[in-house]
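Enquirer: Chain by chain, the residues run as shown.
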Amino acid sequence: MESVILAASECDVSEEIICAPKDVLELFFFEEALFSIGEFHFTRTVFLIFLAMFIVLGLLYFGLRKGEKVPSKFGAAIEALVTFVKEDIAIGIIGPEGVKYAPYLLAVFMFVIIGNLFEVTPLINFPITSRMAIPLFISLVTWVIFVFVGFKKNGIRYLTDLIWPKSVPIALRWLVGIIEFVSTFLLRPVTLAVRLFANLVAGHLMLTLLLASGWIFISSVGDIGLRAVIGLPWFIFGLGIYVFEIVVAVLQAYIITLLSAVYVQTSVHPEH
Amino acid sequence: MTPEAADVLKGAIALVGYGLAAVGPGIGIGIVVGNAIQAMARQPEAAGMARTTMFLGIAFTEALALIGFVLFFIA
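Residue numbers (my numbering), protein chains in the order written: chain A, 1 to 272; chain B, 273 to 347.
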């Protein structure tokens, strides 16, 4: 937001009609570190990551705390969320042994949903999952889990069944094997990370451009009246996208949890 | 061609590429959701399963469009 406004304030709004930022990549650059401990630079993003962690811990601690005979509305809501991840995602997708993976899936779901919702939180307006490090780390952990579980449950047959599938006609086995190997071991973690990352970046950019350009147009009402007329529909459109982004934030958290469960499931029962 | 013009041209081509990359997934998501709605309407008791599978299908289909989007920024 700041970069767009800075880029727009550089040009003279009363003369130039189109005012493009010189370099869109400005929006992706890391800002100055607030303070550093050795090699670790604490930027706003890092603080938001810690904030998300504390919010998740706080929600789970205060929501599921023992001692109250009748759970409060808040406690019931958190309990419903935990039950949803455990019953519908973990057990529903993986099967009875999915209970083992429920804590990991719950952690991913809670962290990603809080991180995504930062996008539509006023005054924060920055989804931490739109920095590639977070989705990539989550998908790499999922990758390690499903590869480890696959080898543990099936031994070396996990790999040989993938690259030499018995159910396929022999002439096609090598081709299917290559496709399966690449898609399982290379494309899965990349697409899992890119899906979350690109959705959030797209949403963040769209909100920034619509709301900021609408605001800039409206705020130049004294200069050119026509600009305000152009700006108002964009601002309203931006507010519509704002509501849509809440849906996207929740849905993407659900989808990354669901896909993590599906990937683990394909390792637990490789035949299906 | 000057370097600036080449940059502008590269950006324009990347934009067209992203547009092309979005066509296939758009059609694909339409087919997925349409068939899921049909399944839900025919068998409302299996709506939960159809919905989960629909989200999975959307996620897999959408990946191509998103890769196109990322490539647009890389280009």
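Calculated directly from the structure, the hints in this document are not laboratory data. These numbers come from a predicted model, not from an experiment. Yeah, the Cβ is synthetic: ideal placement off N, Cα and C, and Gly gets one too. There's no promise every hint is true.
[Said to hold, decoys possible] Among chain A residues calculated to face chain B with C-beta under 8 Å, some are:
id: 1; residue: Ile255
id: 2; residue: Val262
id: 3; residue: Thr266
[As the list claims (entries may be wrong)] Short, incomplete list of chain A residues facing chain B, as computed with Cβ under 8 Å:
id: 4; residue: Val70
id: 5; residue: Ser72
id: 6; residue: Ala202
Enquirer: Hint by hint, note whether the structure agrees.
Expert: Against the structure, the hints:
1. Ile255: Holds: closest Cβ of chain B sits about 5 Å from Ile255 (chain A), inside 8 Å.
2. Val262: holds, 7 Å
3. Thr266: Check failed: Cβ of Thr266 (chain A) comes no nearer than 12 Å to chain B, outside 8 Å.
4. Val70: violated, 29 Å
5. Ser72: violated, 28 Å
6. Ala202: holds, 6 Å
The structure fails to meet hints 3, 4 and 5 from the earlier list, while all remaining hints are met.
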